[in-house]
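> Whenever a hint applies, use it, and build me the whole structure from the sequences.
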Amino acid sequence: MPDDGKPLTSLVANRLPWHSLDAAFYTDPAIFETDLDVIFGRHWIYVGVEPDVPEPGDCMVVDIGRNSILIVRDDDEGVRAFHNVCRHRGAKLVQEPKTSVGNIVCPYHQWTYGVDGTLRFAEHMAADFDRSCHGLKPIHLKSVAGLLFICLSDNPPDDIDDMAAALTPYLAPHDLPNAKVVKQIDLIELGNWKLTMENNRECYHCASSHPELTVSLFEYGFGFDPNSGTEARRELAARYQALVGQCHIDWEKNGLPSREIDHLDDRPTGYRTERLPLDGTGESQTLNTARASTKLLGNLTDAKLGGLSMWTQPNSWHHFMADHIVTFSVIPLEPERTLLRTKWLVHKDAVEGVDYNINNITAVWEATNKQDGDLVAMAQAGARTSGYEPGPYSPFTEGLVEKFSAWYISRLKAHQEP
Amino acid sequence: MPDDGKPLTSLVANRLPWHSLDAAFYTDPAIFETDLDVIFGRHWIYVGVEPDVPEPGDCMVVDIGRNSILIVRDDDEGVRAFHNVCRHRGAKLVQEPKTSVGNIVCPYHQWTYGVDGTLRFAEHMAADFDRSCHGLKPIHLKSVAGLLFICLSDNPPDDIDDMAAALTPYLAPHDLPNAKVVKQIDLIELGNWKLTMENNRECYHCASSHPELTVSLFEYGFGFDPNSGTEARRELAARYQALVGQCHIDWEKNGLPSREIDHLDDRPTGYRTERLPLDGTGESQTLNTARASTKLLGNLTDAKLGGLSMWTQPNSWHHFMADHIVTFSVIPLEPERTLLRTKWLVHKDAVEGVDYNINNITAVWEATNKQDGDLVAMAQAGARTSGYEPGPYSPFTEGLVEKFSAWYISRLKAHQEP
Amino acid sequence: MPDDGKPLTSLVANRLPWHSLDAAFYTDPAIFETDLDVIFGRHWIYVGVEPDVPEPGDCMVVDIGRNSILIVRDDDEGVRAFHNVCRHRGAKLVQEPKTSVGNIVCPYHQWTYGVDGTLRFAEHMAADFDRSCHGLKPIHLKSVAGLLFICLSDNPPDDIDDMAAALTPYLAPHDLPNAKVVKQIDLIELGNWKLTMENNRECYHCASSHPELTVSLFEYGFGFDPNSGTEARRELAARYQALVGQCHIDWEKNGLPSREIDHLDDRPTGYRTERLPLDGTGESQTLNTARASTKLLGNLTDAKLGGLSMWTQPNSWHHFMADHIVTFSVIPLEPERTLLRTKWLVHKDAVEGVDYNINNITAVWEATNKQDGDLVAMAQAGARTSGYEPGPYSPFTEGLVEKFSAWYISRLKAHQEP
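Residue numbers (the numbering used here), protein chains in the order written: chain A, 1 to 418; chain B, 1 to 418; chain C, 1 to 418.
For the record, the hints were derived by calculation from the structure and aren't laboratory data. Being a predicted model, the structure only gives us computed values, none of them experimental. Some clues are possibly wrong.
One copy or two, either will do: identical chains are not told apart, so a pair holds if it fits within one copy or between any two.
Claimed, not checked - DSSO-like cross-link-like pairs, simulated, lysine-lysine; straight-line CA separation at most 27 Å:
(1) K413 with K137
(2) K137 with K6
(3) K370 with K98
(4) K413 with K6
(5) K253 with K304
Laid out in structure tokens, this is it:
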């Protein structure tokens, strides 16, 4: 493992802005533990959507580092999160990624908890055993227009409320709580989680790597050098610039907030959003750019809404279109292994084979994720070599990568021991 | 890995009695090394039975941590143990788990040792090379009525002789040295070895997890809350209590010591035994409670002897019935991986297909081991989470778990650096 | 892991001459890192042959520890080595073990390098971006009569020139640069790299382990105890002694330097060579001792040239025969996993099925390597046990093993922190 022997404080202090991080940030097991502790243990982490647990008693298990998090829809239709571990001999309570229960029963000795976390039954215990002291341990959970964020810290950053207030008007028209998950794919990428994030934060690699995605998505939406490329490409960029200006005017006129909000690197709960026009019919991120579900989300009637893109630090991005939603969460597994979990949603009343075909919904991002996974693995393979050194970001196309790296470094600084 | 940063001395000193251990004891690689050193390196470890090496030249290899132990029946019909490594370039001598040899020949350069460990031949060595200084290194070995215990320390605990004296009258009627191993199954459990042991030391989980075992085995033989459960279960418990009292009187009258001896937590070589009645016909731990081998062990003539259960610290348990013996050894592989080795034995003259059917012999414990392996994996999965904290043992059903944990902690204390 | 807690300086200082190394040298991860740093990072390492990259643009990737090394034939027909990592975001540049390119294009963002390492193209970069500062990082490379050695240090040992001067007259007649690689096999051995090397440096194990090799190779060429073995074997040894004396006279008369040069343990770039007669027809290391390629190498006309054996510290050996060449490089993968890479070469104009049959060429060493891999795994298994202790080398047959171990220890000493 490339541990240069430099202490983390020094690596953090000496990070060169607008350059990729020191190799140790991608490979060192001790820094990985710090990431789990500081970044994933003390910030709001995106874990899934309300439609993952639509009915009372529905459970979802999300494992992050040493934590196993049980997310449950309770009987009052609220969503709660608990540590997924029995208070008796400590067995993991729920093994399946998703299930539905009346009570939560430990498979070892049948200790039985309500979906509100209270211990309801435990046989053979002493007369003075106090069940009320042995309920499940709660975890902070917040739904932002149906997107579920958890925070493992006892003192979560309170700016999640600002983010919720700012994003809800953008997200609400797509009515995520009344959508349904029609597909989830877990992809293991052979790289550090930050390489997965950095890869997401630029489209510099799109033209050469993503033939399916670039049918609908304009690479120019993520920055470009106006003097670079062929004349044909410069014309395409100009066409895109005109299109985005007109679309924003039209969409906002129709009550759809669309213009960029960017707080990716100036707060603990960093985020960014913007509604972006799509190429072709302008309807959806599909292989033919047309909507893949005829039943539009919520009360939407116009399919030509492009894609509302939304990003959060440290671990998510999302595309909300008129017909379907694609949502991505990134979960570190090991220093050089990362889980990318992708969920696709359509209106809850849409019928497969009638309103939509599942392959049309998933084709673009299933292909794109695999391509990105290969790029991440190559970046990791390079970061492991002694020949690696931080290289320069493009000022035109890698600005959001810089914002991710800068946010990450600033959060480590904020949590350093004094 | 959950290393709370607390030193082992502090974890040992602050262990809360009648509660499961701190997570680090189940997960921390450094504590695992301590377990190998202190617990498995300085105590008597159960490794197998005399019938594993019935004839002169028969060899068995048992690997424990960094040790590979070669157990050999020598030409004088004694059983010896050696380090399984050549004194020349250090190659592992015997690769197979069991084999039979004339001499022990190193596969690398043909150095040749007798079954008594002496170096007999080594080509190309200097004139002043002294073969007598290059014999195999011996390891302490003791047979207790045919059960083989080894100790890797130069100074093994001497209370093994007390244990042998106490247990031999209980075990001898089953005549283990004249039995034969008819099946051995190695099961890898995905948990720390102590979770495998704790699982063995209670039957709180039996009713819900072990349908095959509880046909013959009364869960009440391992403790219960007299005020707990339904009236039907309380009546069953009362019936069991009456049965065990009567059986002990009958068995002891017939010369079979049966009453509990318990030294699980008051000495280095902890052990416990008791003959327990079985349900149904009362003959054997089989799916129909009847003997599975018609040829009884030793000179036994009565099949209704229930099961003589015997436990040793840190790593074994055994059930001796009139018709067959089941014997279990637990060997730590990694902090979160453990080998459970189960051997089934019948009278050496019993004939398969005539006197016994192998599937009848093994059905109950093959199923039960798998169920226990699943429970151990769940317990390990929970111990790895940050939500884990030590929970309370039942005073009624988890007394032997407490004795295991207390013995373990006391042995670590006894071997701590001053 | 067997870390005795002894510091490396003490292990190095107290190494017992003419004995196998302390176990920690074969198992300890920290010493493995030292090996990568000191031995493989600051010495000349054999990585392949000029015919691996015969044409301009041909690439070969060799991974050693944390280094990925890109070896390229440039447009001027020279061979160069670079760190195989992009100077932008650090992606691994070339993924395939061998390929052929016009330019070297990074798969991530299409940064484009010439085969001379210069950065030729990078889109979207700032106006003041200096391409000349972002070329590929070079690595020292030296061809010795077609054998490629690299050194990762900025200050490679300069005695490589002495070695090249001494060896070239021995090697040149076989004209390696005009040979072609007809087969490469990568074998993973389950042992420390030093056990792979030690195994290569003696033939004490040949008679019992290598039936295919000993058809042509005399074990006596590597030392023997004149008083050992049967009379038949002593006669065979005497016949060999007479043969080698006569062959050396004949070969040197014909302009082929043949007598032993041995600098295995008296310099940083240790090496040894000698032309050895072969048994049977005396032509080649084949199953029938006859040449396996009818088209002899270079301008050779006599097939009965035995085998020119050549060894380098720390990681190679080679056999040059009249008809074919076998060349071996050893690359450490993990403390207990090693790559043995074997290449077989014939004259570049030889035609398969006409001049040679590939199976005849590879049969002996393919079998021998597997046998050695098994022995190395047994040696590693032994070194992992607590019963291991360094054992005595034979003064007759393990002299070259001692030279390897002594060289290794002396190189660690030379690079110890003051």
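> Hint numbers the structure violates, sorted upward?
Going through the list in order, the structure violates hint 1 alone and respects the others.
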